[in-house]
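Please construct the entire structure, taking both the sequences and the accompanying hints into account.
Number of protein chains: 2
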Amino acid sequence: MAYQLYYWPGIQGRGEFVRLALEEAGAEYVDVARGRGGVGAMQRLMDGAGATHPPFAPPFLKDGEVLIAQTANILLYLGRRHGLAPRDEAGRLWAHQLQLTIADIVDEAHDTHHPIASALYYEDQREEARRRAADFIANRVPKYLGYFEGVIERNPRGDGYLIGRRVSYCDLSLFQLVAGLRYAFPRAMARLERGFPRIAALHDQIAARPNIADYLKSKRRIPFNEQGIFRHYPELDVAR
Amino acid sequence: MAYQLYYWPGIQGRGEFVRLALEEAGAEYVDVARGRGGVGAMQRLMDGAGATHPPFAPPFLKDGEVLIAQTANILLYLGRRHGLAPRDEAGRLWAHQLQLTIADIVDEAHDTHHPIASALYYEDQREEARRRAADFIANRVPKYLGYFEGVIERNPRGDGYLIGRRVSYCDLSLFQLVAGLRYAFPRAMARLERGFPRIAALHDQIAARPNIADYLKSKRRIPFNEQGIFRHYPELDVAR
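Here the protein sequences line up with chains A and B, keeping their order.
To convert, note that position 56 of the first sequence is 56 in our numbering; the numbers rise steadily by one, no gaps.
To convert, note that position 191 of the second sequence is 191 in our numbering; the numbers rise steadily by one, no gaps.
Hints listed in this document are in silico derivations from the structure and should not be mistaken for laboratory results.
A couple of the hints might just be wrong.
[Claimed, not checked] Which residues of chain B face chain A? A partial, calculated answer using Cβ under 7 angstroms:
no., residue
1, I11
2, V30
3, H53
4, F56
5, A69
6, A90
7, Q97
8, H114
9, E128
10, N139
11, Y147
12, P156
[As the list claims (entries may be wrong)] Distance ranges between label pairs, derived from CB positions:
no., chain 1, residue 1, chain 2, residue 2, range
13, B, P197, A, D47, 19 to 29 angstroms
14, A, Q43, B, E123, 34 to 44 angstroms
15, A, V238, B, G195, 35 to 45 angstroms
16, B, R80, A, A2, 23 to 33 angstroms
17, A, P197, B, D47, 20 to 30 angstroms
Glycine residues also receive a C-beta, built at the ideal position from the N, C-alpha and C atoms.
See below:
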């Protein structure tokens, strides 16, 4: 039976990390809120009158009777089923640890344009966004990318992945992080990325995988836009 | 062999969620950076010249050869070993999902006093903190607490826990969240909590558990303070 993915229909957002794993795995899935049921179907599950495991927020995944929320948790589940993570416990925890660290920088990327409140418009927090984005670019992006660069470098199995000799959901997520940062901060990233050649190579390697390359060309890939997590506001893209 | 917990020695912070699980389990552990090795021992592991699985940030836990970082990931590991989470896969994922949702509000609580940059002093972002804290109290705390209240209410096994008939690490973390919010925002919480009686009852039930009660009275429990995640700045505690 096809997976049912529930996420906001107009953005890549956090749902994209799940979509990339499903696409790489060649798994059948329905992107529910982009179909006939729309956001209403998603909202009903969240309100969850009947659900014992109601999600706090999208994305969430339904696999038959199992309903799972929280992006990293969904990937923990999918990784095991589709060979997108190591099978042994230490390896699974390590993959999950990396994913949670990617989730942390994704949260911070979101807060560059919404440092005060998600419920307010960007225009109502633009000055604060300028300050936060400047710190993000100067301090946080280099710290996180330096960390992931080191993980790729020290992977004892080598071959340019974060973990072992095979692609994992963390590699897919790191690809998405880089794509998002490049979209949001093209000038800053052009400068910063020179310091992280292994990450840039991993990005290209993932983009070239047959299932991912097909997906990126398809209509299933929603373009980046200014409603998502990674938004391009030129005034926040400080090149220094 | 005793667990080795690595976390900043002067604050509860994210390490506290791990400490509470270890204390409830009656597990032997060394709080490494609070001992002779100090922060240096922690820093060496983070710099991780030799570590294949280097942490990005504390807390991290060493269990023999296994090194695990990310608070929720550590709890996933401990929950399984100490009966602090359901044993079946669906139950484990549900517990982890709740923990990740608690981690999200903890991040937001941190950002009430540091909305612009962790690296800046509070005093350098006080105005922004005022705006963010007001939104946190008005919108985010009620949304999260309403969610957890509903989870306790709809737990089919009842008995006041988040999951099933037994205490889980999520219950311990929800206790800590409530304790932290009460410390940071006493006036706001006095008003808000009336709407969430099951959460208040769970807090009291956890505080009264023998191992937790012993711990809270001990010197191992670092008092809340203004270096941690939950900080009491009266100007941010809007009662409305």
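Status of the hints after comparison with the structure:
1. Contact between I11 (chain B) and chain A, as hinted, is not supported at the beta carbon level, the nearest pair being about 18 angstroms apart and thus beyond 7 angstroms.
2. For the restraint placing V30 (chain B) at the interface with chain A, the shortest Cβ-Cβ distance is roughly 21 angstroms, beyond the 7 angstroms limit, so the hint is violated.
3. Hint status for H53 (chain B) relative to chain A: holds, with the closest Cβ pair at about 5 angstroms, below 7 angstroms.
4. Interface restraint check for F56 (chain B): the shortest CB-CB distance to chain A comes to about 5 angstroms, inside 7 angstroms, so the restraint holds.
5. For the restraint placing A69 (chain B) at the interface with chain A, the shortest Cβ-Cβ distance is roughly 5 angstroms, inside the 7 angstroms limit, so the hint holds.
6. Taken as an interface hint, A90 (chain B) checks out: its beta carbon lies about 6 angstroms from the nearest beta carbon of chain A, inside 7 angstroms.
7. Because the closest C-beta pair between Q97 (chain B) and chain A is about 5 angstroms apart, less than 7 angstroms, the hint holds.
8. Look at H114 (chain B): its Cβ only gets to about 10 angstroms from chain A, farther than 7 angstroms, so that hint breaks.
9. For E128 (chain B), the shortest C-beta to C-beta distance to chain A is roughly 5 angstroms, which falls under 7 angstroms, so the interface hint holds.
10. With a least beta-carbon distance of about 6 angstroms to chain A, the hint placing N139 (chain B) at the interface is held under the 7 angstroms criterion.
11. Checking Y147 (chain B) against chain A by beta carbon gives a least distance of about 5 angstroms; that is within 7 angstroms, so the hint holds.
12. A distance limit of 7 angstroms between C-beta atoms decides the matter here; for P156 (chain B) the minimum to chain A is near 6 angstroms, and the interface restraint holds.
13. Evaluation of the 19 to 29 angstroms hint for P197 (chain B) and D47 (chain A) yields a pass: the beta carbon distance comes to about 21 angstroms.
14. Between Q43 (chain A) and E123 (chain B) the beta carbons are some 42 angstroms apart, a value that agrees with the proposed interval 34 to 44 angstroms.
15. For V238 (chain A) and G195 (chain B), the hinted distance range of 35 to 45 angstroms is satisfied, since their beta carbons lie about 42 angstroms from each other.
16. Between R80 (chain B) and A2 (chain A) the Cβ separation comes to about 30 angstroms, which falls inside the hinted range of 23 to 33 angstroms.
17. Remark: the range hint 20 to 30 angstroms for P197 (chain A) to D47 (chain B) is upheld by a beta-carbon distance near 21 angstroms.
Checked against the numbered hints given earlier, this structure breaks hints 1, 2, 8; the rest are met.
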